[in-house]
Amino acid sequence: MEQLKVIIAGYDQYEGVRVNPSAEVVRMLAEQAAPESGADDDPLHGVDLRIRPVFMPISFGRAWPVLLEAIDDFDPRIVIATGLKRSARSIAMERCAVNLKDANRASGSSESAPAVRREAIDPEGPAAHWTRLPLRSILQAFARDNIPATLSSDAGTYVCNAVFYNLLNWTTAHPGVLAGFASLPPVPDPQVGQTDGLALDQQVRAGWDLVGETVRYYRRPSSSDMLIA
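At the far end of the sequence shown sits residue 229, using full-length UniProt numbering, and the numbering has no gaps.
Keep in mind that the hints are not guaranteed to be accurate.
What the hints assert, rightly or not - Cβ-Cβ distance ranges computed for the label pairs, FRET-style: (1) Asp-75 to Asp-102: 27 to 37 Å; (2) Gln-140 to Ala-199: 32 to 42 Å; (3) Asp-48 to His-174: 15 to 25 Å; (4) Ser-153 to Arg-50: 17 to 27 Å.
These are computed hints drawn from the structure, not numbers from a lab. For glycine and all other residues, C-beta sits at the position ideal for the given N, C-alpha and C.
Model the full assembly from the supplied sequences, consistent with the hints where possible.
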């Protein structure tokens, strides 16, 4: 049986968010056994899947080092990072990471810290990197499972984008590793008045589709799986 190591990363907490899908989905994917459909084309059939969860702080200075340390220790073949997009109502697959960070104040710092204003993430790096995930096949799997999803042009200019950019920048020297980013919607939580979003069990199902289709592409690369523009 082929062993395949996968890192799934999310953020440890968000201010004002009681149910954080970026933490809960990551945790549940690591703790649960992978669902097997029994079908001949099950992408996880015959795979000894090893998933390591990583929980990052929401900080420009600390998020990527936490993820990089886990990557160096675990040596995965697939790295999928996730974050919460508060305005989303579906899973958003991010196409592109831009070489820019721009925020009202420095994340992970005090309120009085200076704002991060239109700075390059890597002054020597390219303007952008494209995802290395098979977006077309992932979206097709979401559709089969009735999971609302969309393509997103980029992950903004906050910490999620910085992690995404640094991750893809890292893969330029590690071409055998597939990596990308998915933005998750809020989980409906009537206790705090959050009625929009996507139920946690659907987001976990989406997580398995995301892992499964990326594993399929890793084992049998095909241009038909890709979707950038």
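For this structure, which hints from the list above don't hold up? 2, 4
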